[in-house]
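Asker: With the hints as extra help, turn the sequences into a complete structure.
Listed below are the residues making up each chain.
Protein chains: 2
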Amino acid sequence: MSHLDLFERASELAYRSCLPHVSIDCAVFGFHESSLKVLLLKMKGFDKWGLPGGYVKKDENLDAAAYRILKARTGASNIYLEQFRVFGQTGRSEHELAHWPEHLWQKQRFISTGYYALVDYTTIIPVVDRISEQCEWKDIDDLPDLMMDHQDILHSALTALRRNIHYSPIGLNLLPKAFTMPQLQKLYELILGKKLHRGNFQRKMHGFDILVKEDIVPVKTSHRPPIYYSFDIEKYNNALKYGLRQEW
Amino acid sequence: MSHLDLFERASELAYRSCLPHVSIDCAVFGFHESSLKVLLLKMKGFDKWGLPGGYVKKDENLDAAAYRILKARTGASNIYLEQFRVFGQTGRSEHELAHWPEHLWQKQRFISTGYYALVDYTTIIPVVDRISEQCEWKDIDDLPDLMMDHQDILHSALTALRRNIHYSPIGLNLLPKAFTMPQLQKLYELILGKKLHRGNFQRKMHGFDILVKEDIVPVKTSHRPPIYYSFDIEKYNNALKYGLRQEW
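In order, the protein sequence lines correspond to chains A and B.
Just so we're aligned: the first sequence equals residues 1 to 248 in the working numbering.
Just so we're aligned: the second sequence equals residues 1 to 248 in the working numbering.
Given that identical chains are not distinguished, each listed pair holds provided it fits within a single copy or across any two copies.
Distance condition first, Cα-Cα at most 20 Å in a straight line; then the derived SDA-like pairs of lysine to any residue:
id	residue 1	residue 2
1	Lys241	Gln89
2	Lys213	Arg198
3	Lys241	His155
4	Lys241	Asp149
5	Lys235	Tyr80
6	Lys58	Ser93
7	Lys58	Arg68
8	Lys195	Gly243
9	Lys107	Ser17
10	Lys57	Gln108
11	Lys241	Leu161
12	Lys58	Leu97
13	Lys58	Ala98
14	Lys241	Phe87
15	Lys107	Thr90
16	Lys58	Gln108
17	Lys57	Glu94
18	Lys138	Pro126
Since the hints were made in silico from the structure, they are not lab data.
For clarity, every value in this text was computed on a predicted model and none was experimentally measured.
Answerer: Printed below as a string of structure tokens:
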């Protein structure tokens with residue numbers, strides 16, 4: 001089957017089941033060995049990479065569609081997804097799809113809602129579907145060429161993530177269940193793109209009141225054993241819902 | 001002309017010129033005499049009030065549509081608008097429009113992007129259009145019943161505004177050109193819904209480096225004359241674009 005035949009088939013399916021003009025793009029971030037990664041895919045017949053995305057079924061909530069799309073790509077459910085912006089410029093895909101026949105679903109104008117997700121890098125197996133040939137983690141500091149306005153979308157996702165880090169707890173899907181303060185700080189530093197002061201960071205994190213000290217029996221060493229923490233799930237979820245404590 | 005005939009006419013127009021399934025709702029906030037107001041309208045034949053909104057033309061950018069809708073309601077251009085969330089639940093308008101004929105444009109499912117705006121209460125004249133019978137400022141603490149999911153949208157707009165106040169400067173459209181620190185603090189307190197510490201507030205505001213001290217020759221009084229400030233427009237606009245300085 002040629003690439004275009006595959007997209008033709010996908011087009012017919014979408015016409016039957018999806019809302020026209022409405023799409024979703026997902027920036028899926030993972031944390032691995034002190035670097036921040038994003039999940040990208042390459043569709044058949046395209047040179048450039050893109051963010052995983054999809055459409056919204058006629059009787060499906062927008063957020064539910066985002067969860068379905070993420071699950072299809074990563075196998076992961078129970079992942080925290082956050083809407084961050086809508087991309088509604090005209091001509092978003094014109095250049096990229098110029099050679100495609102007009103009747104294809106994919107050629108219409110789409111208003112795309114961007115979602116970002118933070119996932120556990122180690123438990124995710126990127127899924128290649130029928131219309132893509134690669135789906136891989138790429139380092140945020142070493143990205144390939146991105147299609148359409150996906151560079152903007154990704155940049156906007158990172159900006160939103162950096163802002164929201166002041167209000168929303170992060171780490172639950174990104175760190176092991178028990179972690180040390182330096183591990184948590186490293187994650188924050190990667191997202192914020194800067195070094196943080198150790199004492200201030202600890203004070204701030206404890207102030208959020210979402211950490212529990214773990215009782216891990218230390219192995220006997222000559223060094224002081226590290227202190228392990230985990231998240232208090234109830235407080236963490238409350239903070240996701242209502243925001244972390246802020247001072248003004 | 002009956003109310004339904006009016007909506008029928010609006011429906012025909014929209015089918016010709018707008019993208020199906022895509023809509024916009026605006027939460028327009030104004031500041032007046034120490035209270036925060038929101039612009040609401042009442043459509044003909046409806047009991048409940050709603051946020052001003054509209055549709056997106058086939059060849060129009062989403063943000064441009066939001067500016068057009070805001071301008072039509074308020075006469076105001078050059079207003080800072082901020083996207084804050086997409087409302088994509090199924091059945092958002094089902095209950096409210098249950099008695100309307102199926103073929104009407106307004107009956108379809110809409111994925112609505114929410115924008116909020118901060119405007120100068122004193123210079124805005126709310127505009128009543130053909131399909132609405134009232135358009136008025138309502139106090140945020142004394143709201144009438146709202147239609148559809150507009151209560152959620154408004155609540156979500158306020159939440160976003162409260163979050164963004166940490167990153168985005170506010171005041172330029174809400175305060176007189178020259179203002180005092182207590183005036184600015186009052187505005188922040190209204191939006192945040194709490195009293196702020198005077199010294200901390202001043203320190204924080206000065207830290208943002210967007211204020212200019214005004215040289216206003218004081219009238220001779222027995223009191224210490226108030227200090228007036230204005231915004232440094234270039235720095236203010238940069239802060240809108242890149243965010244206010246944050247410490248972590």
